[in-house]
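Residue numbers (the working numbering), protein chains in the order written: chain C, 374 to 674; chain W, 39 to 299.
Do not take every clue at face value.
With a straight-line cut-off of 30 angstroms between C-alpha atoms, the simulated DSSO-like cross-links for lysine-lysine are [stated by the list, open to error]:
| # | chain 1 | residue 1 | chain 2 | residue 2 |
| --- | --- | --- | --- | --- |
| 1 | C | LYS419 | C | LYS460 |
| 2 | C | LYS419 | W | LYS169 |
| 3 | W | LYS152 | W | LYS174 |
| 4 | C | LYS596 | C | LYS419 |
| 5 | C | LYS577 | C | LYS501 |
| 6 | W | LYS146 | W | LYS169 |
| 7 | C | LYS596 | W | LYS174 |
| 8 | W | LYS169 | W | LYS226 |
| 9 | W | LYS174 | W | LYS226 |
| 10 | C | LYS577 | W | LYS139 |
| 11 | W | LYS152 | W | LYS169 |
| 12 | W | LYS226 | W | LYS146 |
| 13 | W | LYS152 | C | LYS577 |
| 14 | W | LYS152 | W | LYS226 |
| 15 | C | LYS577 | W | LYS146 |
| 16 | W | LYS174 | W | LYS139 |
| 17 | W | LYS139 | C | LYS596 |
| 18 | W | LYS169 | W | LYS139 |
| 19 | W | LYS174 | W | LYS146 |
| 20 | W | LYS174 | C | LYS577 |
| 21 | W | LYS139 | W | LYS226 |
Partial list, derived from the structure: chain C residues whose beta carbon lies under 8 angstroms from chain W [stated by the list, open to error]:
| # | residue |
| --- | --- |
| 22 | ASP389 |
| 23 | ASP400 |
| 24 | GLU403 |
| 25 | SER404 |
| 26 | PHE564 |
| 27 | ARG566 |
| 28 | ALA567 |
| 29 | ARG569 |
| 30 | GLY572 |
| 31 | ARG668 |
| 32 | GLY669 |
Here are a few chain W residues that sit away from chain C, every Cβ distance over 12 angstroms (derived from the structure) [to be verified]:
| # | residue |
| --- | --- |
| 33 | PRO68 |
| 34 | THR136 |
| 35 | THR264 |
Calculated from the structure, these hints are not laboratory results.
All C-beta atoms in this analysis are idealised placements derived from N, C-alpha and C, irrespective of residue type, glycine included.
So the chains spell out like this:
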Amino acid sequence: MASTETKTTDAGAGGDQQIASVEAGLDALESGVVGRTSFRQTFVNKILPPIVAIAVVIVVWQALITFNIVDDPGKLPSPSDVGDEFKEAWLEGRLLEYIWTSVSRGLLGFLFALAIGTPLGLLVARVKFVRAAIGPILSGLQSLPSVAWVPPAVLWLGLNNSMMYAVILLGAVPSIANGLVSGIDQVPPLFLRAGRTMGATGLKGAWHIVLPAALPGYLAGVKQGWAFSWRSLMAAEIIASSPDLGIGLGALLENGRNASSMSMVFEAIILILFVGIAIDLLIFSPLERRVLRSRGLLVKS
Amino acid sequence: MATTLAKADGAETVEHAARIEHVSKSFAGPAGQQLVLDDITLDVAPGEFVTLLGASGCGKSTLLNLVAGLDDPSSGSITTDGRPALMFQEHALFPWLTAGKNIELALKLGGVPKSDRRERAERLLELVRLKGSYGKRVHELSGGMRQRVALARALAQDARLLLMDEPFAALDAITRDVLHDELTRIWKETGVSVLFVTHNVREAVRLAQRVILLSSRPGRVAREWTVGIPQPRRIEDAPVAELSLEITEVLRGEIRRHGQH
Numbered sequence: 374m375a376s377t378e379t380k381t382t383d384a385g386a387g388g389d390q391q392i393a394s395v396e397a398g399l400d401a402l403e404s405g406v407v408g409r410t411s412f413r414q415t416f417v418n419k420i421l422p423p424i425v426a427i428a429v430v431i432v433v434w435q436a437l438i439t440f441n442i443v444d445d446p447g448k449l450p451s452p453s454d455v456g457d458e459f460k461e462a463w464l465e466g467r468l469l470e471y472i473w474t475s476v477s478r479g480l481l482g483f484l485f486a487l488a489i490g491t492p493l494g495l496l497v498a499r500v501k502f503v504r505a506a507i508g509p510i511l512s513g514l515q516s517l518p519s520v521a522w523v524p525p526a527v528l529w530l531g532l533n534n535s536m537m538y539a540v541i542l543l544g545a546v547p548s549i550a551n552g553l554v555s556g557i558d559q560v561p562p563l564f565l566r567a568g569r570t571m572g573a574t575g576l577k578g579a580w581h582i583v584l585p586a587a588l589p590g591y592l593a594g595v596k597q598g599w600a601f602s603w604r605s606l607m608a609a610e611i612i613a614s615s616p617d618l619g620i621g622l623g624a625l626l627e628n629g630r631n632a633s634s635m636s637m638v639f640e641a642i643i644l645i646l647f648v649g650i651a652i653d654l655l656i657f658s659p660l661e662r663r664v665l666r667s668r669g670l671l672v673k674s
Numbered sequence: 039m040a041t042t043l044a045k046a047d048g049a050e051t052v053e054h055a056a057r058i059e060h061v062s063k064s065f066a067g068p069a070g071q072q073l074v075l076d077d078i079t080l081d082v083a084p085g086e087f088v089t090l091l092g093a094s095g096c097g098k099s100t101l102l103n104l105v106a107g108l109d110d111p112s113s114g115s116i117t118t119d120g121r122p123a124l125m126f127q128e129h130a131l132f133p134w135l136t137a138g139k140n141i142e143l144a145l146k147l148g149g150v151p152k153s154d155r156r157e158r159a160e161r162l163l164e165l166v167r168l169k170g171s172y173g174k175r176v177h178e179l180s181g182g183m184r185q186r187v188a189l190a191r192a193l194a195q196d197a198r199l200l201l202m203d204e205p206f207a208a209l210d211a212i213t214r215d216v217l218h219d220e221l222t223r224i225w226k227e228t229g230v231s232v233l234f235v236t237h238n239v240r241e242a243v244r245l246a247q248r249v250i251l252l253s254s255r256p257g258r259v260a261r262e263w264t265v266g267i268p269q270p271r272r273i274e275d276a277p278v279a280e281l282s283l284e285i286t287e288v289l290r291g292e293i294r295r296h297g298q299h
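Bound conformation, chain C alone:
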């Protein structure tokens, strides 16, 4: 009994100092130490595996040719044939032209899709009537292959660039809008309550709380939107070829088929894959990773 009493009278400015130092110790103990991984580790864990995978595919491919398992070059060209196709296109300056024709179209169409899909998503997420009216259609549209839009787009707009953009929009807008809708739906109610007690209601609440909280979901939708843009564009380019349109990657694939040149078909497929992956790796993945990491949502395993 007596000991507790002396303790209480004892505690003054000295006790306050003690609390501060205990607290500092707790803070230091409980905050995790975050280190960056070294380049070597990144190389071994992230860069090496895909390189190995690609090497394995090429080795198997070459083996199929070397051991005469597939002996019709019309069905399977050798890796070196395809390599020559690339070299030729590069030396004639056509390679970058193919890529640029499609990429510029794809990115521009994607930007349009972003400009339309974002406000549309906001509208669906926030206005009950709009959600009830077009929400299910918007989700349903995601499962409609964008190739289906090519014939009507050609009939409506003719064989030109606007038809390509129309197909991209119809393919990508639903993904982007749906991403934003699910991002907004998943905002923790606690954030909204915290915001409201701080006076963030209405537009202020949307700007300061809802939109930043929905960003990860929105980015996932945007990423998917790019994949859909690219796919839709390829479908449009393969089906609708016209000399006025220039030769993009889809048209290259179609030309290869018409010329019965399997190595050209392979060249086109490899380029389509490569561009789709490269844009994702260079733009969308880093963006998404940055946002997730800054929020502590990216768990390093």
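Let chain C serve as the given structure and place chain W on it in line with the hints.
Relative to the frame of chain C, chain W by itself:
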């Protein structure tokens, strides 16, 4: 008394930081209307520290939501001196902002001019002893640090009443103990009124000037104690333990009634 953060305008004539009069609240449940709060009347004086104590189902969080203006009472009236600040059991910090920016957002929404925000945020961080954590992300902070940033953010609203909904319930005992000391210090330094909800009897006695016990289903004011033990108190102090024991007995009695039908 240092009142660096308390408002020093002419509002001293206000008699209550919060006045809750005959407040009832019912929700539509599976078995019809369910009465959660029944005729609650209580006041919090300016600068007073009051804890609301009760078992599960006493509607303490509901009451706090009503005082915070997040919900409306079914009957009765609640008046507060300005908009109160609210702290939750979860820190509710925004993960897309740094610790400092979280505080600055509260300042911004409270109408503090841009030029002053940074300095005010730094001062508030210093108040909760987190100097130098301005640029830290929420996930880089420990549980105790997060709650301190949340406290700083609540204080940034410059409210005269701070509502706290079991803010330390999810923390470990050592951290909670330290935060009790900190809260007592900050309460004294700022002169803010506090209405603190908890189900932890010792915590209630450790912190409060007045402990109000709510009965459960529906929540009613069962009893009230004025805690005369001088601060600084420790949760282990004999007088704290003694009063806690007394309150626990009454609380158990309240709970026992529910098992008797």
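Consistency of the hints with the structure:
1. C:LYS419 <-> C:LYS460: Answer holds: LYS419 of chain C to LYS460 of chain C is near 29 angstroms, not above 30 angstroms.
2. C:LYS419 <-> W:LYS169: Outside the cut-off at roughly 38 angstroms; violated.
3. W:LYS152 <-> W:LYS174: Within the cut-off at roughly 20 angstroms; holds.
4. C:LYS596 <-> C:LYS419: Holds, at roughly 20 angstroms.
5. C:LYS577 <-> C:LYS501: holds (20 angstroms)
6. W:LYS146 <-> W:LYS169: Given pair LYS146 of chain W, LYS169 of chain W holds - Cα atoms ~20 angstroms apart, limit 30 angstroms.
7. C:LYS596 <-> W:LYS174: holds (28 angstroms)
8. W:LYS169 <-> W:LYS226: It holds: about 20 angstroms lies between the C-alpha atoms, which stays within 30 angstroms.
9. W:LYS174 <-> W:LYS226: Judged against 30 angstroms, a Cα distance of about 27 angstroms means the pair holds.
10. C:LYS577 <-> W:LYS139: holds (16 angstroms)
11. W:LYS152 <-> W:LYS169: Within the cut-off at roughly 20 angstroms; holds.
12. W:LYS226 <-> W:LYS146: Given pair LYS226 of chain W, LYS146 of chain W holds - Cα atoms ~25 angstroms apart, limit 30 angstroms.
13. W:LYS152 <-> C:LYS577: holds (16 angstroms)
14. W:LYS152 <-> W:LYS226: OK: LYS152 of chain W and LYS226 of chain W at ~28 angstroms, within 30 angstroms.
15. C:LYS577 <-> W:LYS146: holds (11 angstroms)
16. W:LYS174 <-> W:LYS139: With a Cα-Cα distance of about 10 angstroms, the restraint between LYS174 of chain W and LYS139 of chain W holds, given a limit of 30 angstroms.
17. W:LYS139 <-> C:LYS596: Roughly 28 angstroms separates the two Cα atoms, so the pair holds.
18. W:LYS169 <-> W:LYS139: holds (14 angstroms)
19. W:LYS174 <-> W:LYS146: Roughly 19 angstroms separates the two Cα atoms, so the pair holds.
20. W:LYS174 <-> C:LYS577: holds (24 angstroms)
21. W:LYS139 <-> W:LYS226: holds (26 angstroms)
22. ASP389: At about 7 angstroms, which falls below the 8 angstroms cut-off, the nearest Cβ of chain W leaves the hint on ASP389 of chain C intact, so it holds.
23. ASP400: Interface hint status for ASP400 of chain C: holds (6 angstroms vs cutoff 8 angstroms).
24. GLU403: holds (3 angstroms)
25. SER404: SER404 of chain C check passes; min Cβ-Cβ to chain W is 5 angstroms, inside 8 angstroms.
26. PHE564: holds (7 angstroms)
27. ARG566: It holds, given that the least Cβ distance between ARG566 of chain C and chain W is near 6 angstroms, below 8 angstroms.
28. ALA567: holds (4 angstroms)
29. ARG569: Constraint on ARG569 of chain C satisfied, holds at 6 angstroms.
30. GLY572: At about 4 angstroms, which falls below the 8 angstroms cut-off, the nearest Cβ of chain W leaves the hint on GLY572 of chain C intact, so it holds.
31. ARG668: Hint holds; ARG668 of chain C Cβ to chain W Cβ min 4 angstroms, cut 8 angstroms.
32. GLY669: Where the cut-off is 8 angstroms and the nearest Cβ of chain W is about 2 angstroms from GLY669 of chain C, the hint holds.
33. PRO68: Correct as stated: the minimum Cβ-Cβ distance to chain C is 21 angstroms, above 12 angstroms.
34. THR136: The claim is violated: THR136 of chain W sits with its nearest Cβ about 9 angstroms from chain C, within 12 angstroms.
35. THR264: About 19 angstroms separates THR264 of chain W from the closest Cβ of chain C, which puts it past 12 angstroms; holds.
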